[in-house]
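Peer 1: The primary structure of each chain is shown beneath.
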Amino acid sequence: MFARGNAAYPKDSIQLTGFTVKSLYKKIYDSDVGYSFITSPTAILAAVIAFVCIFCALFAPWVAPHNPFDLASLELGNARLPPAWYPEGSGRFPLGTDDQGRDILSTLMYGARISLVVGLASVCLSVIFGVSMGLLAGFLGGWVDSLLMRMCDVMLSFPAILIALLIAGVGRALFPNAHGALAFGVLIVSISLVGWVQYARTVRGSTLVERNKEYVQAARVTGVAPLRIMRRHVLPNVLGPVLVLSTIQVATAIITEATLSFLGVGAPPTSPSLGTLIRIGNDYLFSGEWWITIFPGAMLVLIALSVNLLGDWLRDALNPRLR
Amino acid sequence: MSLLDVKNLVVEFPNRHGVLRAIDDISFSIAPGEILGVVGESGAGKSLTGASIIGLLEPPGRVSSGEIWLEGQRIDNLPYEEMRKVRGRRIGAIFQDPLTSLNPLYSVGRQLIETILTHLPVSHQEARKRAIDLLKDTGISAAEQRIEHYPHQFSGGMRQRVVIALALAAEPQLIVADEPTTALDVSIQAQIITLLKTICKKRGAAVMLITHDMGVIAETCDRVAVMYAGRIAEIGPVNAVINHSAHPYTTGLMGCIPDMSEDRERLHQINGSMPRLNAIPAGCAFNPRCERVFERCYQERPDLFPAGPTEAACWLHAGGGSKNEVGGVAA
Amino acid sequence: MLAFIIRRLAQAVIVMFCVALVAFMLFQYVGDPVSQVLGQDATAEQIREARDALGLNNSIFVQFWHFLSNAAQGEFGFSLRQGSKVSTLIAERFPATLELALSAAVLALSLGIPMGVYAALKRGSFSSQVLMTVSLLGVSLPTFLIGIVLILIFAVNLNWFPSFGRGEVTRLGWWTTGFLTAKGWHHLVLPATTLAIFQLTLIMRLVRAEMLEVLRTDYIKFARARGLTNRAVHFGHALKNTLVPVMTISGLQIGGLIAFAIITETVFQWPGMGLLFIQAVSFADIPVMAAYLCLIALIFVIINLIVDLLYFAVDPRLRVEKPGGH
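Chains as they are written, first to last, in our numbering: chain A, 1 to 323; chain B, 1001 to 1331; chain C, 2001 to 2326.
The set of hints was computed from the structure by calculation and includes no laboratory data. Remember, predicted model here, so these are calculated numbers, not experimental data. The C-beta atom is built at its ideal place from N, Cα and C for all residues, glycine as well. Incorrect hints may appear among the rest.
[Said to hold, decoys possible] A few chain A residues facing chain C, derived, Cβ under 8 Å: (1) Leu45; (2) Val48; (3) Arg80; (4) Phe158; (5) Val170; (6) Gly264; (7) Val265; (8) Asn308.
Pulled out of the complex, with its shape left as it was, chain A reads as follows (with noise of 0.2 Å):
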């Protein structure tokens, strides 16, 4: 990378091989979104949070205090403990325990883990399928982009709870002794599967915008095969918008994630998420054992939180129109 000194900084003409961090601070800070991420606090603090928790985590078994799945260390005498600001708590269970003598904090990151894990192969997938589907539609045209809008408009009619707890459900019949991939990749499988719409449709109308477009019509005249053209052209133009979906995707898949599971259709109690762990806890919440559901609630929604405040800040500072 290298930048021509130019009237606003004539003194750093940068060289072409190597560029300071100093260098590389100042081309962030000139380029509308850094500057527009330096200085929204709001930006930065929910940039932090969602670091440290998907930090926490992806390194649970390391950053952990306990392993709450190794069933060799569980003591049944240190069930149900309140947090450590109360008398009865200990310092050694900074956030209670649970019926089974599991550490609060410590289920809190796996389970977490397993919510983010979930979240980010659905959006994986749905990004894949439906940046796919929207291109082809696009490209297509024909019988192929209606049929493709149709399915989409119904899709979306119908409310995305209700189509994963069908797919989750339907895959519980037919696989009834399904567990660990079996049951997850059921559950990614039926996120993903009401996610891709968005993307298929923004996809599909940059792409129509573009086909139209001179240049690329020039470029089909004089052969270029539309795969290039559509690499080339279109996906540059989509990677904003596509970026901003996702991440307020992310959000909406671990929410739905946590919703199948604390209905029950979700990760089993085994490897449970957050909302299995919400589920587990809320048996407890009469007899006044609130903590065990309400800390990993807390996760869930710090991490929904930070998310969609990133989501929003990133649309915001794309959008040409509002700076």
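Since the structure of chain A is already known, use the hints to place chains B and C on it.
Peer 2: Chains B and C only, in chain A's frame:
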């Protein structure tokens, strides 16, 4: 006394890189019933001038200095509610795109009557009658029926007639018309311009006609101001500016218009392009492109000097090389 | 306009057909009704008899036709879990869900629209920033968590509201309503609020976004240029133009309410269709699932139709023919 007096108007747009001066100290006036054309390239500041006069500058743009006087009353520093009463009642506005200027959900009549009732103390029936008359005056046939129609039921030219009717509904003394014909077919343009001219003359309203089309200016206006890079390059009676232009930019512009009787191989061009707002040269803004540039042009910015029948902001007419404080506009 | 209605009706029929097809597939390929009824060790003879009785040995088209004609009459057979007729079960539960959804819809609309308008008009002010952040919170909170927190605060700790069930209901024919008793309302508060919050934030953000878009248009600029009062510009012009798309989108959201009711009913043990559906999913009770699916699809299709008609009624561009004009 003049109807509108603009004195040393400066409009700025602060952003994180600095402050952009979109309009840099312009002064002019409009007499009652007169049609003043404001012509210039895109980005010269014409529309912004119109927007500042009616008080609808989009933030972060703001009038940072200068004064705007309407009939002896200062209007640029009025609070919003006071300015609102001026808008429509004393200054009307017409914008470029008739398609989007009208609210699609309300009938044409309702929008007209609403405007009339906001400013004039008349009854609903009277307002309706006036609305129908307005539509008739702007050349819409079957006005009694069409008053109930919705904007999408009118064609482009008819819609612009409705817009003109709306602008005149509260009987203002000045109309600011921002590119009223640019979005219309060429055949319709002539009709609309003629309509604007006749109806304003009839009602005694002055017009500030903003456009980039010299042909429209030539046909319609009494006086014309040529804007360049946020400044007025030349101002004067329309025939004088067109036929005896004093500023090199104006001369260049006139030269660009091809003449049927001439035999030419290449179209005349003015070299270069108008500078960006954040890179306006010191001295006279036109100096990089001027064929008659000399030393002084790079150093000081010229005021408007009288140059025969017109006034031009050019050192060529400064009268003996000294800077006369003639600036000024005929009142 | 007639052509439009006919076209929409035809689309509706196609959608219903597809949904019925899906439901039929569920019956056919998911789970084995015979083994459910007869148990694991039935002789081949018994199985064949049972299949005959259930009509499973006919061709697939005949089966589908039977299915369709039964479905059209609301006849979906018997619940595998409870043994009673599916139609009876659904009829019992339907009023509960409908009343819940309706209350939540009224709450969400009556609060969401004014808040959205306020956030748009007072854009950039502190209160609108607060509103927007709170709305983001509303979108990030899953419905079930809202329910749990509300139960924790208002039922467990403060003991102001009950946390499960419907309270006293009055019977009117086959309908049971909780609107006529104080206890019914008392039980309705927490669930309706839970269901409404998510919709409320969505509506608020939608209204705000639409209104900001509208306020940027040329016709609003022209209205201001004509000197119309702020009230006329904001509420006469901008609001009306905002509400047209908002109204239609909200109408479609109502359908979402009925689906989200599943979650709310689970948290509050509200005896509605959603709870029934969840129990059916856990149990793989196919008849109930299929019936719920078809009913929901019907409701959606009807709502879509109504919304389309509403659009027609409100937007003059769709209503009146475009004549010439010269």
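Peer 1: None of the hints should be skipped; say for each whether it holds.
Peer 2: Now the hints, each set against the structure:
For Leu45 of chain A, the suggested interface contact is broken, since its CB lies about 11 Å from the closest CB of chain C, more than 8 Å. Interface hint at Val48 of chain A: violated, since its Cβ lies 16 Å from the closest Cβ of chain C, which is beyond the 8 Å cut-off. The restraint placing Arg80 of chain A at the interface with chain C is violated, with a minimum CB-CB distance near 16 Å, outside the 8 Å limit. Given hint, Phe158 of chain A at the interface with chain C, holds; its Cβ is 7 Å from that chain's nearest Cβ, closer than 8 Å.
The interface hint given for Val170 of chain A holds, since its Cβ lies 6 Å from the closest Cβ of chain C, which is under the 8 Å cut-off. With a cut of 8 Å, the hint placing Gly264 of chain A at the interface with chain C holds, because the nearest CB-to-CB distance is about 6 Å. Hint status for Val265 of chain A: holds, given a least beta-carbon distance of 6 Å to chain C, under 8 Å. For Asn308 of chain A, the suggested interface contact is upheld, since its CB lies about 5 Å from the closest CB of chain C, less than 8 Å.
The structure fails hints 1, 2, 3 (numbered hints given earlier, in ascending order).
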